[in-house]
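Participant: Taken in order, these protein sequences are the chains called A and B. For the first sequence, counting from 1, position 372 maps to 372 in full-length UniProt numbering; every step adds exactly one. For the second sequence, counting from 1, position 60 maps to 60 in full-length UniProt numbering; every step adds exactly one.
It is worth saying that the hints were derived from the structure and are not from the lab. Backbone N, C-alpha and C define an ideal beta-carbon position, used for all residues, glycine too. Any given hint could be a false lead.
Each pair of labels, with its calculated beta carbon distance range [unchecked claim]:
(1) D172/B x S120/A: 17 to 27 Å
(2) P189/B x L188/A: 51 to 61 Å
(3) A148/B x Q492/A: 51 to 61 Å
(4) S120/A x P191/B: 24 to 34 Å
(5) A159/B x V460/A: 39 to 49 Å
Some residues of chain A that are not near chain B, with every Cβ distance over 12 Å (derived) [unchecked claim]:
(6) P45
(7) D65
(8) A72
(9) T78
(10) S82
(11) S92
(12) V173
(13) I186
(14) I250
(15) L365
(16) I407
(17) W449
(18) L473
(19) L474
(20) L500
(21) A509
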Amino acid sequence: MTPTIAILLIITFVLSTVGLLLLIWSIANNQFSHGQEAARTIFSPGEEGHSEDPALAAEPAFTGDNSEQAAAIKGRWTADQSSRTAVLAWLSSAIFWLVLGSIFGLISSLKMHLPEFLISSEFLTFGRVRPVHLNAVTYGWASMAGIGAALFLIPRLFKTSLAGGKYAVMGSVIWNIGLVLGLIAITLGFSDGEEWLEFPWQVDLLFVVGGGLCAIPLLLTAANRKVEHLYVTSWYLMAALVWFPILFLIANLPFTFPGASGATVNWWFAHNVLGLWVTPIGIGIAYYMIPKILGRPIISYQLSLIGFWSLALFYSQVGIHHIIGGPIPTWLVTLSIVHSVMMSIPVITVAINHHGTMMGNFSRLKDSPTLRFVWIGALMYTVSSLQGSMEALRSVNVITHFTHYTIAHAHLGMYAFLSFILFGAVYFIMPRLTNWEWPWRRLISLHFWLVSIGILIYVVSLTITGWKQGVALLDATMPFMDIVRMTIPGLQARTVGGALMTLGHLVFAFHFVAMLMHRGVGNEQPTLFRNSVKEPTR
Amino acid sequence: MKRALAIMVGAALILLLATLTLVVMPYLQMSAEQVPPDLKPYTEQQQRGRQVYIANGCVYCHSQQPRDPGYAPGDRDRGWGRPSVPGDYAYDQPHLLGTMRTGPDLFNVGVRLPSVDWQLLHLYNPRIVHRDSIMPSYPFLFREVDKAAEGDKVVYLPASFGPESGQVVATDDALALAEYMLALDHTYPAPTLPTTDKPKE
């Protein structure tokens, strides 16, 4: 034990010194000074004050007051077109996996209160359907839609065309093959056996290659960039695309980490998939969409950078809060709890920026589908992250650990936060790529209400059920079977919520396909939730 | 390219630090942990059962990690056993600690329910044992035969649960899984567990 403490002390000392030196260096080099100027880099000259939503504006769109401004707008259109094939490849795959993943989620949910449902085949037993759901929505939907949105944003942020887009297309093909093989392996019973790492390691190689191929256009485009400041969204996207391959590779090393240390690696990875992969993508998208749609820069650029580095530092070490009370060294658990609580710093800075920028503009939630999805997603990021910090405290975790409460929390994060932002991003991206408006605004509305009511029922029912379950588990006077019976109504309500969400996804997928087939009226009018809002009142 | 590279390198370095504290150091510390002398390695049959456990995702509803009674008294009071220590998992690869207790903890299920027949009956249909259980049935781990052959393990079912005619016999997978269940016995003393009771009210 003594050497461990010694090493810890040395590392702490070295770290604080390095941190101090970095701080001095960055102040000396004016790293903090160009603040608000950098926040404006996402606007083309003269564009600030003009909303970029919808793609086709109800009032005459901003096309520039002079030739320089018009050229910038034209340049952005060229940048959008350059990423078209790559983005469409990733997004359409993502939506396929979303539908498949939610159907498997719904089956899992049904099985929790109808234990005799679909039992005759081993391929559809609960313990295989559930990991298929998790892996399809995590690596299929969330990751692929995230990469798609990143590929769309990168040329825009760097104000240049996407270079090497064909590598990203190849990457999507390999990634999809990996998903198909991985999900088949789980179904056939060849799971690796650890949550979030079920795919056999041979299949994991495909994800490393597929993801790595996406790094090529990122680096090429970054090298060609025509902007002086790197906007905060690009920080998040670049970091995420660096982190994921490292994480995925280490965690999937076969035959390396036995027993209890395997559990620490497992949860270090699993929480980093959330914290260092999908979260930076989600926050990064929101950092772009909210100011662009409102036509005003984020309120504090400095805060956004503090938020970025504190997220990197704290989020990377929270994973072990998944094994509080488990057979691992106490210092390790405490380390993760401390970092989980410290996560409130990046969360609050991001909240100030996202919600602060929204102040006074909430009326735009009524008409812009993208803004509505993205801002609700950003709000749920604040909520689920603060909930997560609380959940890591030993006194709370002793109740919520091992219960449905955690499942509700996971869906608040992965769905109400991340998926909402991704939905919003898809609504923003598609008209600009295809030069075609969404065919039916009522379908967007239907999608929104189905998934919103669905996730509300989901989270509320499982949160309450999970808490009651957790309290009861601590007190052995309540027989285990009584606890099982107590959870049934919550599990049934979850099925209702999940069914609404799945229905919403079918609407969304149908609309997406219809758009690709150029149904509807095309370019005649913009697709907003209501048509008349943007018209000037007189 | 300077700043973009700086961000990516900085991000990678921070992750490296986290890998050091959350992966490398715990690994060094825990792999030096003493393996309890009474812990037996899995037999081939038990290891096969463990694979059946993994393939069918038992881990999504069952944990294998009783917590300290001073922290979570329910774990001990429900008879799930003493708190587990890293050494208890020396032969576990992959680990099956689990994060969910839709069903009870199984770290010592071999002590609580030490009968192969009970385990098979429960796997065939948990509702034979607990009317309201929400655990799935595993009919694909069993075969229906007209007449059990020599050496077949017959599962004797209550009339309302069995097939119309013939008998139900366990497959090798079911037998292996039951063997693994019985092997889950960690009642031996843990050498690394602190024995001194802290004065605490």
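Participant: Would you mind marking each hint as holding or not holding in the structure?
Facilitator: Tested hints:
Between D172/B and S120/A the Cβ separation comes to about 19 Å, which falls inside the hinted range of 17 to 27 Å. Our hint of 51 to 61 Å for P189/B and L188/A is violated, since their Cβ atoms are close to 41 Å apart. In this structure the hint that A148/B and Q492/A lie 51 to 61 Å apart at CB is violated, the actual value being about 40 Å. Hint check: S120/A to P191/B, Cβ distance near 46 Å, so the stated range 24 to 34 Å is violated.
About 43 Å separates the C-beta atoms of A159/B and V460/A, a value consistent with the hinted range of 39 to 49 Å. Every beta carbon of chain B lies more than 12 Å from that of P45/A, the smallest distance being close to 22 Å; the non-interface claim holds. The beta carbon of D65/A is kept farther than 12 Å from every beta carbon of chain B, the shortest such distance being approximately 31 Å. The Cβ of A72/A lies farther than 12 Å from every Cβ of chain B, with a closest approach of about 22 Å, so its non-interface assignment holds.
No Cβ of chain B approaches the Cβ of T78/A within 12 Å, the least distance being about 21 Å, so the stated non-interface status holds. With a closest Cβ-Cβ approach of about 19 Å to chain B, S82/A is found to remain outside the 12 Å limit, as its non-interface label requires. Taking the minimum C-beta to C-beta distance to chain B, about 29 Å, the non-interface status of S92/A holds against the 12 Å cut. Against chain B, the non-interface label of V173/A holds: every CB pair exceeds 12 Å, the least being about 25 Å.
The claim that I186/A lies off the interface is violated: its Cβ sits roughly 8 Å from the closest Cβ of chain B, which falls inside the 12 Å cut-off. The beta carbon of I250/A is not kept farther than 12 Å from every beta carbon of chain B, the shortest such distance being approximately 7 Å. No beta-carbon of chain B comes within 12 Å of the beta-carbon of L365/A; the shortest separation is about 32 Å. At the 12 Å boundary, the C-beta of I407/A falls inside the reach of chain B, the nearest C-beta of that chain being 8 Å off.
With a least beta-carbon separation of about 31 Å from chain B, W449/A lies farther than 12 Å from that chain, consistent with its non-interface assignment. The beta carbon of L473/A is not kept farther than 12 Å from every beta carbon of chain B, the shortest such distance being approximately 5 Å. At the 12 Å boundary, the C-beta of L474/A falls inside the reach of chain B, the nearest C-beta of that chain being 4 Å off. Distance check on L500/A: its Cβ is at least 22 Å (rounded) from any Cβ of chain B, clearing the 12 Å threshold; non-interface status holds.
Every C-beta of chain B lies more than 12 Å from that of A509/A, the closest at about 27 Å, which supports listing it as non-interface.
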